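**Student:** Chain residues, written in single-letter form:
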Amino acid sequence: MTQKYEPVIGLEIHGELLTNSKMFCGCSADYGSAPEPNINICPTCTGLPGAMPVVNKKATELAALVGLALNCSINKHNTFARKNYYYPDLPKGYQISQYELPIAEKGWMDVNAGDENQLKVRVRRVHIEEDTAKLSHEKNYALVDFNRAGVPLLEIVSEPDMRTVEAALDYATKVRAILRYLGVNSGDMEKGVLRFEANISVRPVGSDELRTRTEIKNLNSFRALTRASQYEIERQIKIYEDGGSVLQETLGWDDVRGVTISQRGKEDAHDYRYFPEPDLPPLQLSDAWIDSIRNQLPELPEAKTARFISDFDLKRSEAQFLTSEKSLADYFESVLSKSKSPAKAVHSWIAGELMRYLNESNLSIDDLTLSPESFAKLIDMTTEKVISGNSAKVVFNEMVKSGSDPEQIVKEKNLAQVSDEGFILETVTKILNDNPKEVESYLAGKDTLLQWFMGQIARTTKGKADPNIAKELLLKGLEERKK
Amino acid sequence: MQLTNLTIQEASELLKTKKISSVELTKETLKRIHDVDKKVKSYVTVTDDLALKQAKQADERIAKGENITPLTGIPFAMKDCISTRDVKTTCSSKILENYVPQYNATVTNKLADAGAVLVGKTNMDEFGMGSSCENSAFFNTHNPWNLNHVPGGSSGGSAAAMSASLATFTIGEDTGGSVRMPAGFCNVTGIKPTYGRVSRYGLISLVSSFDCIGPMTRDAYDCATVLEAIAGHDEKDSTTYNSAVPNYTKNINKSVKGMKLGIPKEYFVAGMEAGVESSIQEAIRTYEKLGMEIHEVSLPTTQYGLPVYYLLLFAEASSNLARFDGTRFGLSKSENAKDVIDIYLQTRREGFGDEVKRRIMLGAYALSAGYYDAYYLKAQKVRTLLRRDFETAFSKVDILLAPTCPTTAFKLGEKTSDPLEMYLSDIYVVATNPAGVPAMALPCGFSNDMPVGMQLIGKHLDEQTIFQVGHAYQQVTDWHKQLPLI
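Here the protein sequences line up with chains A and B, keeping their order.
The opening position of the first sequence corresponds to residue 1 in this note's numbering, with each subsequent residue numbered one higher.
The opening position of the second sequence corresponds to residue 1001 in this note's numbering, with each subsequent residue numbered one higher.
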C-alpha cells in the first residue's frame, strides 16, 4: 500500500445468540444438532398465516449484556421493526429486526491500531434480529430448512473508525473474545455462528472526507476479513491512481481466487421499507432490570489484561495472550494459585509447552484434562531445580498422556536433578579428559565449544545435572587446564 | 318455536334444562343453512360433520353437568380469516382457496373449550379489503333484508348469516368497521372490542395494529356473553391486555340514568340518508327518556380518519401479505418459472384480486425510502391526534353515539366501479380502529325498508358501559328483534 492513501473501515458483526429457544417462538434454536431438516419448526417460524411473534426474554438479556460489555448505553424504550424483502429463506417476507431504536447504542472499544497506539473504535449500535432459513441449492431447485429460521442474531455495528486492516482485525478479534467471555456466542466461525461485513473506502492521508464506500458481505473467518479488506483497499487505491472513481456497491469475497466480486450496485440496492413491527409492543426496560444485567457482567478481557499486568508483573503481550480466551485466563489463574513459582514462569509454560501440545493434538483449552494442581507441581519442580528443563518436558508429555502425578513420573523415570557437586565434578572431569582436542580448541579461543561441553554433560547425566553447577565446574576445569 | 331464531341466552337456558339438545339445535341450524344459504350465500364452508361431533360432545357435557358455559352447545359461524385446524381458512381469496391450517387461532380454541359448536366459515371481502363483501374471490353474499343489496363488509358473511338466523352467533373481525358496518346493514348487534382485548393469534392479519375479532349477535346481552368467552390475555399475542376480563353480563342491567351520552357533531354532516339521520335522532331521544344527559362533543380530527386509516392499512397490509408467496402453503404457480421471482409473480398475480393488489402497491409505495416520512410517519402522527380526540371527548362524557354508515345497504354492483366511493362508506367506523377504542353497532330503525345501525363508542377497555347502554336501549326498543323474511 502506498503511503498516499489511508483506508476508512467500519465493521458489522453478526453473531448468533446462544439461547435454548428461537427469537420469537418456543422452538429449539439448536439447529446444529437437529437430526433432520424442518423439525424445530412451528407456525411462527415458518410464517404461517395468523402466527405471531413473542420476544425471547433470554435473548434480550444477552443482547443487553453485550451492549453493556461494549460500553453502550441501553435504550430503555426500544422497538422492533420489519425489514421487508422477498427471498425463499425468509418465510414472512420480512425479517423482524431493530431499526430506529436498537437495544443498545453509542459504545466503544479500545483496539490496537497496528502500532503501539490504542485506538478507540466507536460502536454505533447493537441490535437484535432473527436468522433466516437455510437453503440448499440443487441443480434445478432449492430446498429450505427452517430449523435455523428465527434463531436470535445480534448485529454489532461500528463507526468507520479504523484506519488499518490490523485495527479492524483486532476489533473483530476483541468483539469475538467478548462474545465468548459472555457466553453468548461460541465464536465458532467454521459453523457460521459469527460473520463479518466490512465497509471500506480509501482517501488521501490527511483528508477527513468520507469517500464512496463498498460493503463486503459474509466474511466468515479472520483470514477472509484480512485478505478481503487488503484486496479491496488496494483495488480502490488503484482506481483512484488511475483517475477513476469507486462505485458504491455490495461485494462478495471469492476466497479461492482472492478477489472481491460485485453483487449489486447502488441502483439495485434494496429498499427494505422498514416500519415498526406492529405485532410487538416496544420493549420497556427498567433501570433495575438493566442494573441486574450489569451485575452479570464478568471481568472482560481488557480489564483482565490490566489486572494481569499490574498484579502479576506480566508484559502487555503476555497478559493479552493469556486473556484472549476466558478459559485460558481461568486456567492460568488456577495454576498460578496452586503454584509457588512466579507468574512469568507459569505464563511461559502455558505459552510454550501447553500451547505446543494443544496445537499438535488439535485440542482446545476446554478439552485439557491436565489438572492445574499437577501442572503447578511440575512448574514448581523446575523452578526449584528438582528437575531440569529438559526433564520437565519429558514429564509434561507423560502427564498429558497418562495423567499421572509429576513426582511419580520423576521417580519412575529417575529424572530428579542432581545438585551433588562431587557427582557433577566427576562427570565434568571425565568429559574433559576424554576430549583433549576440544579442550585445546576452546583454550585457543573457540568459545562456542562451551555449549558443546554442556551438551555432553547433559547427555551423560540424562539431563539431571543442575546446569548452573555444571557450568561453574566446567569453567573451573577448563581454567585449570590452561595452566 | 323456531330454534334458529333463539338468542344465545334463550337457547342456553333450553339446553341446560334439557328441553332441547345441542344436536337438535345444530341439525336445525345446518338444515336452515342448506335451505336458505343458497340465496344469501354467507358461508364459504359448512362443517356439518365437525358440528355434529361438537354438538354431541356438548350434549354429553350437559348430561354430566360438567363445565357448562353459556356457549356450551351453541352453534356459531366464524369469519373465514380466523384459523381453524383441519378446516379450510380461505380469507375468501384464491391464494388460500385450499389452505387448511395446522393450528387453531386462540379464539377458535377458546370457543371450542367453552363448548360452542362450529357450523361453518363465512364469506368476506378478500383479506378483509372491502365494505360490501363483493371483493370475495368466490361469490357475493346477499343482504337477507333484500337480496339485491350488499350485506356490507368485510364481515358480510358473518353479518348476513346472523341476520338470516343461520347461526346463533357469529364471529367477525373489525379492522376499520368490518363488524359494525355490516351489522348495521343487516340489523344485528356486533362489537369491535378495544384493540388488544381479544387475541389475534391465528387471525390472518390485515392490519396488525387495527385488527379486532368481535362477536355478532342478536342483541347486546349475547354480545357480552361471547366477548367474555373470547377476550383476555394471550401469551402468544404480545399486544393483548393483561387485565382481567370483567363479567360483562353481571352488571348489564344497571340503569343508565344520569350517564352522559356524547353526540360527535362531525358525524352528522350533509349527505346522510334522511331515514338514517331520523333513526339516529330517535335513538338519541330514547336515551334522553331513559334519563341520560345528551351532550354535543367534537372529534375535530374526524375528517382525517379515513385517509389515516387507509394509509396505515395499505402500509401494514403490504407487509402482512408478503408471506403469500406460493412456497409453503396455499396457491403455488410455477409453470415454466425461470426463477423464484417468477413463482412469486405468477402466484400472486393469479392468487390476489384487484383490490388486494391495489392496496399492496399503495402500501409498498407509502413505505418506500423518501416517502415514508410524508405518508406512514405523518399518518402515525395524525393517528395520535385521533386518539386524543376520543380522550378529550371521554373527559366530558361516558359514551358516544353515532351512525355506523351514512346510508343503508346499497345495491350489489352500485359502488364496485369506484374504489374511493366504496372507501367513503366506512367514514363513520374507521376512526375507532386507529384510536383503539371499543364500539358496538346495534339496530335502531329502518329507512326505505332497510336496517339502520348506530354505534356506541366507549372508553378504552370500557366494553362494560357499552353493553350496559346498548342493553338499556334494547330493553325499550325492538328493532333488534326484527328478522328478515327469508
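Simulated from the structure, these hints should not be mistaken for laboratory data.
Treat each hint with caution, since some may be false.
Claimed, not checked - Here are the computed lysine-lysine pairs in the DSS-like style, where the Cα-Cα straight-line distance is at most 30 Å: (1) A/K344 <-> A/K413; (2) B/K1333 <-> A/K139; (3) B/K1016 <-> A/K83; (4) A/K83 <-> B/K1415; (5) A/K58 <-> B/K1236.
Just so it is clear, the structure is predicted and the values come from calculations on it, not from any experiment.
**Student:** Against this structure, judge whether each hint is valid.
**Tutor:** Do the hints match the structure? See the list:
1. The hinted pair formed by A/K344 and A/K413 meets the criterion: a straight-line CA distance of about 28 Å does not exceed 30 Å.
2. Of the pairs offered as hints, the one joining B/K1333 and A/K139 holds, with about 20 Å between alpha carbons and a cut-off of 30 Å not exceeded.
3. Pair hint B/K1016 plus A/K83 does not hold up; C-alpha atoms about 52 Å apart against a cutoff of 30 Å.
4. Between the alpha carbons of A/K83 and B/K1415 the distance comes to roughly 36 Å, so the proposed pair goes past 30 Å and is violated.
5. Note on A/K58 and B/K1236: the hinted pairing holds, with a Cα-Cα distance of about 17 Å set against a maximum of 30 Å.
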